[in-house]
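Peer 1: Residue numbers (our numbering), protein chains in the order written: chain A, 375 to 698; chain B, 195 to 384.
Since the hints were made in silico from the structure, they are not lab data.
There's no promise every hint is true.
Listed next, the stretches of chain A that the computed footprint assigns to chain B, with coverage defined by at least 3 CB atoms under 8 Å from CB atoms of chain B [stated by the list, open to error]:
hint, stretch
1, 432 to 446
2, 613 to 627
3, 659 to 673
Incomplete in silico selection of chain B near chain A, CB under 8 Å [what the hints assert, rightly or not]:
hint, residue
4, L199
5, Q243
6, K373
Cβ atoms here follow ideal geometry from the backbone N, Cα and C, with glycine treated the same way.
Here are the chains, one letter per residue:
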Amino acid sequence: MNYNCKQVKEYLPAYIDNMTNQFETEAIENHLLECAECRKEFDFLKSIVSTTAAFPTFEVPDGFDERLREKLITKKNSNRAAAISKMWKTTLPLIAAACVIAIFIISSSFMEIKDINQNPISRTVENGQTETASQGNGRKSTKKRILILSDILDFFEPEPQPTQAPRPTRKPKKNPLPTTLPTHNGGETNEQNSSGINTSVQSNAPAENLDTPTIDYSNVPPKIKVTANVLVTPSDTEVAKQILSTYKFIDGYYLLSDAQYQTALGNFEALGISVSVSKEDKTAEYASLQSMINTPGADKTNIEYNLGTIDEEVSKIYVKISQN
Amino acid sequence: MVEELILIDRATKNDIYAFEELVHPYTKPLYNYVLRILKNHQDAEDALQETYIKVYNSLNLFEGSSSFKTWLYKIATNVCLDRLRKQKNESNISLNKTTDKGEYEIQIPDDTYSPEIKAIKNAALDAVYVALEKLPEDQKIAVSLRDIDGLSYDEIADITESTLGTVKSRINRARHQLKKLLEKNRELFH
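Start from the sequences and build out the full structure, keeping to the hints where you can.
Peer 2: As structure tokens, then:
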């Protein structure tokens, strides 16, 4: 295979990085053996690359590790405080309610016993004497105390609720806000973690929420730009942002790959956060640019740039958070 | 690699010392990477600290489908780009500094390299970095990660969340553009 000078110069940046295939490499090397001008271009480009690589490196400033450690400890403590605060907020009312009820029951039982002692029930026994309950073997007050104790024990075992016919509703939240988000293991398992959130999502799984369209990404044509709109309540905004926090954020959109989006979508669905999707078909525009590139006089650099821009746009999914 | 996974697991359980050991090998190259984007030591240190805090908070989200190194670079890149965007949007108006006509003097953030960085560079290097600054941000990051940090095309694709084809295209266009911009300084390169 033979390349002309124009073709060789086009491939030189990739050739320098060993990113050309076997045939391209062979064609370029054959040409460089014979063409002094292209050899000069190759040397010039290589020199630019090696000069760029010689940018000076600097040591990390003194005290960096100590300053980082302080911030990490502060963060760790604030995370712990937040977790404890949350725990208290959920359990303290329950503990308080249990104490109040226990105090009420115990105080009620003492009032009942006092009442028995003050007003003993009397009967006339065979020998004509009057026997009072308090003088007896105390069986009645003991029975009362046992009954009250069983009431206290019953308090901690809730009575079975009467069954009700299920009402048709929108998909409820499976769990309260999880304290940690699930890890994703490349979609290889279908297990749920302790928060009940799926740790993998199949790319063809239909959305259960009727408002969310079903998108089968495996069949989406290659030149479609996808924008996903995550609809949250004000209280869910921070959770949604945390799910997306490690992704690039630009001009109001988080930029995710398809795999990353599937993971995020699974987390949103598990929390009952709906997502709507819009698509922009750039196939025609891409085909038009491709047909222009070989037209005589065409600005190849500019067309390649625009083609690259479309490639870049459709390689990502643009995710936006909006409040309901 | 296995050792790294063990450290990640321990760091996920709030073991700060494990976290420090985990990120230590990457600190110097990452610091120099953010320094090249932000161009001064104070901003670079702040950005790297912010990156590490984000990483510490998000370790449980690390999927393992990419390497820990590229995940670190990815977060650092996003932190730097956020800072650059904020710097672009913000301008400082000093109310004390008015001209004779009563106009306010607006201070625009200095986006050139700090003096100690400029002092080290030679003429060829200086020419390359002036040319690099004229590239679009995505091309500049791609060629910088390739030629200075020595990362592979696959790693760069992962860090910049783009395809291999897009990375090839960016580096190709960047190098052609650099050659064009440096043509007049050709004698510096031999």
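Peer 1: Confirm or reject each hint.
Peer 2: To see whether the hints hold, each was checked on the structure:
With 11 residues carrying a beta carbon less than 8 Å from a beta carbon of chain B, the stretch 432 to 446 of chain A meets the three-residue requirement, and the given coverage holds. Using a Cβ-Cβ cut-off of 8 Å, 6 residues of the stretch 613 to 627 of chain A lie near chain B, which meets the minimum of three, so the contact claim holds. Counting residues of the stretch 659 to 673 of chain A whose C-beta sits closer than 8 Å to any C-beta of chain B gives 0, which falls short of three, so the coverage hint is violated. Using the Cβ-Cβ criterion of 8 Å, the hint placing L199/B at the interface with chain A is not satisfied: the shortest such distance is roughly 12 Å.
For Q243/B, the shortest C-beta to C-beta distance to chain A is roughly 6 Å, which falls under 8 Å, so the interface hint holds. The beta carbon of K373/B comes within 6 Å of a beta carbon in chain A, closer than 8 Å, and the hint placing it at the interface holds.
Of the numbered hints given earlier, the model fails hints 3, 4; all others are met.
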